[in-house]
Amino acid sequence: NAGVTQTPKFQVLKTGQSMTLQCAQDMNHEYMSWYRQDPGMGLRLIHYSVGAGITDQGEVPNGYNVSRSTTEDFPLRLLSAAPSQTSVYFCASSYKGGVTEAFFGQGTRLTVV
Amino acid sequence: TQLLEQSPQFLSIQEGENLTVYCNSSSVFSSLQWYRQEPGEGPVLLVTVVTGGEVKKLKRLTFQFGDARKDSSLHITAAQPGDTGLYLCAGQANAGGTSYGKLTFGQGTILTVHP
Chain H
1 NAGVTQTPKF QVLKTGQSMT LQCAQDMNHE YMSWYRQDPG MGLRLIHYSV GAGITDQGEV
61 PNGYNVSRST TEDFPLRLLS AAPSQTSVYF CASSYKGGVT EAFFGQGTRL TVV
Chain Y
1 TQLLEQSPQF LSIQEGENLT VYCNSSSVFS SLQWYRQEPG EGPVLLVTVV TGGEVKKLKR
61 LTFQFGDARK DSSLHITAAQ PGDTGLYLCA GQANAGGTSY GKLTFGQGTI LTVHP
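Top to bottom, those sequences are chains H and Y.
Residues 1 to 113, numbered by the working numbering, are exactly what the first sequence covers, in order.
Residues 1 to 115, numbered by the working numbering, are exactly what the second sequence covers, in order.
Among the hints, erroneous ones may be present.
[What the hints assert, rightly or not] One-sided and incomplete, this derived list gives chain H residues near chain Y with beta-carbon spacing under 10 Å:
id: 1; residue: Val4
id: 2; residue: Lys9
id: 3; residue: Asn28
id: 4; residue: Ser49
id: 5; residue: Ser93
[As the list claims (entries may be wrong)] Pair by pair, the computed Cβ-Cβ distance ranges are:
id: 6; chain 1: H; residue 1: Gly63; chain 2: Y; residue 2: Thr62; range: 34 to 44 Å
id: 7; chain 1: H; residue 1: Arg77; chain 2: Y; residue 2: Glu17; range: 41 to 51 Å
id: 8; chain 1: H; residue 1: Gln17; chain 2: Y; residue 2: Asp67; range: 44 to 54 Å
id: 9; chain 1: Y; residue 1: Gln9; chain 2: H; residue 2: Val113; range: 26 to 36 Å
id: 10; chain 1: H; residue 1: Gly63; chain 2: Y; residue 2: Phe10; range: 26 to 36 Å
id: 11; chain 1: H; residue 1: Ser80; chain 2: Y; residue 2: Glu15; range: 40 to 50 Å
Note that these hints are calculated values from the structure, not bench results.
What you are looking at is a predicted structure, and each value in this text was computed from that prediction instead of being measured.
Note that beta-carbon positions come from the ideal geometry of N, C-alpha and C, so glycine has one too.
Whole structure, please, built from the sequences with the hints as guidance.
Now the structure itself:
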């Protein structure tokens, strides 16, 4: 089972460049979300989706866009990269329900120079 | 905004010692989860506690949810080098009956167990 797949694993961007982080899951999960992980700050929610066509903002959404055209895919777009967006990004998915386990991808380490 | 304060941030101990990690909040959570993360990997779920006062044991790991569902602890007995990793607590809060998969994470505890 592939689970949650993120690409790329590493990326270096110049300030002002744009890019899309890819996330795909093969578990037919309704819920998907994006987090960023910074030292000493745990994981912080960027955007989330409760199903195809439905997205909403999390705790730190500025500078990021998302869309969910299919159940399987939830790409995260950086519109104009800034050094403050240097981080490790994790995509997660889970079943719809009251208390569910979140399954995480392996992460994308992004450096903005 | 709900916050989870996790402590300590770093823990370095010898093999065989016991340790406790704490996760505290001023907010009530419907459930509390503990994840473990290895370098270069995403977090992996260890346990979910949902009832105030609940205690769950997973081999040498004991998890407790506070009576008021605002805090939790992870206790490891006789730590082993294989326990080394980043431990994260995460809270889920119901909004109209579901958390929509959203998690609020603590800052994490980096545990190093020396042989």
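Worksheet item: When the nearest CB of chain Y is found for H:Ser93, is that gap smaller than 10 Å?
Response: Holds - the Cβ of H:Ser93 comes within 10 Å of chain Y, reaching about 8 Å at its closest.
Discussion item. A range of 26 to 36 Å was offered for this pair. Does it hold for the Cβ distance of H:Gly63 and Y:Phe10?
Written reply: 30 Å, holds
Fill in: Agreement of hint H:Val4 with chain Y interface, Cβ distance less than 10 Å
At 7 Å from the nearest chain Y Cβ, H:Val4 passes the 10 Å test, so the hint holds.
Worksheet item: Do the beta carbons of Y:Gln9 and H:Val113 sit within 26 to 36 Å of each other?
Response: Roughly 28 Å apart at Cβ, these two residues keep to the hinted range, so it holds.
Discussion item. Quick check: does the Cβ-Cβ distance between H:Ser80 and Y:Glu15 fall within 40 to 50 Å?
Written reply: For Y:Glu15 against H:Ser80, whose Cβ atoms are near 49 Å apart, the range 40 to 50 Å holds.
Discussion item. Next item in the hint list is H:Lys9. Is there a CB on chain Y closer than 10 Å to its CB?
Written reply: 9 Å, holds
Worksheet entry | Range hint compliance [Cβ, H:Arg77 to Y:Glu17, 41 to 51 Å] | With a Cβ separation near 46 Å, H:Arg77 and Y:Glu17 satisfy 41 to 51 Å, so the hint holds.
Discussion item. Given the hint of 44 to 54 Å, is the C-beta distance from H:Gln17 to Y:Asp67 inside that range or not?
Written reply: Holds: the Cβ-Cβ distance is about 51 Å, inside 44 to 54 Å.
Worksheet item: Given H:Asn28 was flagged as interface, is its beta-carbon under 10 Å from a beta-carbon of chain Y?
Response: Violated, because the Cβ-Cβ distance from H:Asn28 to chain Y comes to roughly 14 Å (cut-off 10 Å).
Item to complete: Given the hint of 34 to 44 Å, check if H:Gly63 and Y:Thr62 actually sit that far apart at their C-beta atoms.
Response: With a Cβ separation near 41 Å, H:Gly63 and Y:Thr62 satisfy 34 to 44 Å, so the hint holds.
Item to complete: Return the status of the interface hint for H:Ser49: holds when the least beta-carbon distance to chain Y is below 10 Å, violated otherwise.
Response: 9 Å, holds
When the structure is compared with the earlier hints, a violation turns up for hint 3 alone.
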